[in-house]
Amino acid sequence: MPVLDKAGTQVWHRRTRNESLVRWFGWLLGVAVFVVCWQRISDATTWFFVWDAPRIADDIWTRATPPRWEYITQLGRPIWDTINIATLGTIIALFLAVPVAFLAARNTTPSALIIRPIALLIIVSTRSINSLIWALLLIAIIGPGVLAGVVAIAIRSIGFCAKLLYEAIEEIDIKQVEAITATGASRWQVMAYGIVPQIMPAFAGIAVFRWDINIRESTVLGLVGAGGIGLQLSSSLNVLAWPQVSLILLVILAAVVISEWVSAKVRGAII
Amino acid sequence: MTARLEDMVGTPWRKPPFVRSAALRWTLIVGTIAYLIAAFATIEVDWGRVYIGLERGWQFILGFANPDFTSRGKDIWEGLLESIVMTVAASVVGIAISIPIALGAARNIAPLPVYLVCRAIIAVSRALQEIIVAILLVAIFGFGPLAGFLTLSFATIGFLSKLLAEDIESMDRVQAEAIKASGASWMQWINYGVQPQVMPRLIGLSMYRIDINFRESAILGLVGAGGIGATLNTAFDRYEYNTAAAILLLIIGIVMALEYLSGIIRARVQ
Numbered sequence: 001m002p003v004l005d006k007a008g009t010q011v012w013h014r015r016t017r018n019e020s021l022v023r024w025f026g027w028l029l030g031v032a033v034f035v036v037c038w039q040r041i042s043d044a045t046t047w048f049f050v051w052d053a054p055r056i057a058d059d060i061w062t063r064a065t066p067p068r069w070e071y072i073t074q075l076g077r078p079i080w081d082t083i084n085i086a087t088l089g090t091i092i093a094l095f096l097a098v099p100v101a102f103l104a105a106r107n108t109t110p111s112a113l114i115i116r117p118i119a120l121l122i123i124v125s126t127r128s129i130n131s132l133i134w135a136l137l138l139i140a141i142i143g144p145g146v147l148a149g150v151v152a153i154a155i156r157s158i159g160f161c162a163k164l165l166y167e168a169i170e171e172i173d174i175k176q177v178e179a180i181t182a183t184g185a186s187r188w189q190v191m192a193y194g195i196v197p198q199i200m201p202a203f204a205g206i207a208v209f210r211w212d213i214n215i216r217e218s219t220v221l222g223l224v225g226a227g228g229i230g231l232q233l234s235s236s237l238n239v240l241a242w243p244q245v246s247l248i249l250l251v252i253l254a255a256v257v258i259s260e261w262v263s264a265k266v267r268g269a270i271i
Numbered sequence: 001m002t003a004r005l006e007d008m009v010g011t012p013w014r015k016p017p018f019v020r021s022a023a024l025r026w027t028l029i030v031g032t033i034a035y036l037i038a039a040f041a042t043i044e045v046d047w048g049r050v051y052i053g054l055e056r057g058w059q060f061i062l063g064f065a066n067p068d069f070t071s072r073g074k075d076i077w078e079g080l081l082e083s084i085v086m087t088v089a090a091s092v093v094g095i096a097i098s099i100p101i102a103l104g105a106a107r108n109i110a111p112l113p114v115y116l117v118c119r120a121i122i123a124v125s126r127a128l129q130e131i132i133v134a135i136l137l138v139a140i141f142g143f144g145p146l147a148g149f150l151t152l153s154f155a156t157i158g159f160l161s162k163l164l165a166e167d168i169e170s171m172d173r174v175q176a177e178a179i180k181a182s183g184a185s186w187m188q189w190i191n192y193g194v195q196p197q198v199m200p201r202l203i204g205l206s207m208y209r210i211d212i213n214f215r216e217s218a219i220l221g222l223v224g225a226g227g228i229g230a231t232l233n234t235a236f237d238r239y240e241y242n243t244a245a246a247i248l249l250l251i252i253g254i255v256m257a258l259e260y261l262s263g264i265i266r267a268r269v270q
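These protein sequence lines map, in sequence, to chains A and B. Its first residue numbered 1, the first sequence is counted upward by one per residue in UniProt numbering. Its first residue numbered 1, the second sequence is counted upward by one per residue in UniProt numbering.
These aren't lab readings, by the way, just hints derived from the structure by calculation. Note that beta-carbon positions come from the ideal geometry of N, C-alpha and C, so glycine has one too. Be aware that a few hints might be false.
[Stated by the list, open to error] Some chain B residues judged to face chain A by a derived CB distance under 8 Å, without partners named:
| id | residue |
| --- | --- |
| 1 | 49 |
| 2 | 85 |
| 3 | 110 |
| 4 | 112 |
| 5 | 142 |
[Said to hold, decoys possible] Listed below are several chain B residues computed to face chain A (Cβ distance under 7 Å; list not exhaustive):
| id | residue |
| --- | --- |
| 6 | 88 |
| 7 | 144 |
| 8 | 146 |
| 9 | 149 |
| 10 | 236 |
| 11 | 256 |
My request is simple: use the sequences and hints to build the entire structure.
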């Protein structure tokens, strides 16, 4: 407990002088970095547009309301595509994530030295790249359409699912595994009866959770041409059809809210 | 009874089915298969196009083996710097705004009207995706990193306030009451009763959000909101896979470094 001597009386301080000096420099550095960053943003901004923003926002609002309700007849197929992209993408991702998770978990990996780092690399690299970027890449390779969206969602989700799943595998109760092993079970039987039942609730929870996220992500994949309702959004934006844009945004919002509700219900039932 | 036992020894054990009711089980199975068939049927695949694309895919994989950091070096560097600048500024502003909103959205601290307003802000921020917010903000504020900065700040509020508010709601009441009993003012109560309890969580969540903000800043450029996304999009459009691979490698590298750093910081504060 640092106590400083101040004119004969002893005063208690929370930190020693060196410690508070270091902290003070830390804050100074942080503020300086922030100011420099803000300066750069400010330099790259046309401030005239910013001052004009309230007028433009008001203009967009008057153009966008009321939404063009009759356009909804053309949104049935795109929203069906969007849901399919999310669902199929999640299913494919789960199939791929399970082996990756088992290879990445410390207690089930066949080799902690070689295979585990490779599995972790797959997890990090698929997770750190957004599904829109995966979609861009896949469109260049397999052409625009729903398939590119499904594959983009699938690749993007591998890392997320595998990461949560391997953490669940690492946290399993070892006693059950030992009990199964003691009955003379083979490696695969231990997996099926000792490990899998323990991670099943986590697995189901992860699947539904990721499906919910994927509904959100698949609604915008169309912006780069990968199918779904985002295609309608981007074509409406391109022709500045604001009443259609507002309707599409409402539909997306409804899809997101419903999927969140479904996912919460299902997770509540499982866990 | 003995006969039954004999029978049971004779039949091998079987795992009980996941869904007890047979009718429900079969409905679920058939329904799922029907949906999957319907869903797969809607995917139109142009196999000729895919075949042509495989060549490009191979080019792209080769691009990873031989990433080109130099020929578009200036664009990459500027895009990356803009992404980082947006991430830093938006994280600072977003976190600063999130804290009061989180206090307002915690039911055990805030009165009901404040609670409802703050929860509404969180709900709006979470329901709108970053890229859609970015489209609207670009339309309003013009192209450039300002729109990206605002988007990321807005998205940070929903994420951080929600999780922080939940942490405040589950805090230990006894400590906070002890501070209150000593006659502390509201600010002192927050500062000494609540803040120390939620600080580790706040730091952990902030680090995680910085990580997310950087990843998101990489795509905002697709709609004109600044950052590395614009450079990446150009590289894909020109089929410059070596450059695209270089950018992706840089993004992965920075995300990995951030994750590693946040791991160290979170381990230290907890």
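Tested hints:
1. 49: This interface hint holds because 4 Å falls under the 8 Å limit.
2. 85: holds, 4 Å
3. 110: violated, 24 Å
4. 112: violated, 23 Å
5. 142: holds, 4 Å
6. 88: At about 5 Å, which falls below the 7 Å cut-off, the nearest Cβ of chain A leaves the hint on residue 88 (chain B) intact, so it holds.
7. 144: holds, 5 Å
8. 146: Hint on residue 146 (chain B): holds, closest Cβ of chain A at ~4 Å, below 7 Å.
9. 149: holds, 5 Å
10. 236: holds, 5 Å
11. 256: Residue 256 (chain B) check passes; min Cβ-Cβ to chain A is 6 Å, inside 7 Å.
Figure legend: structure checked against the earlier numbered hints; hints not met, in rising order: 3 and 4.
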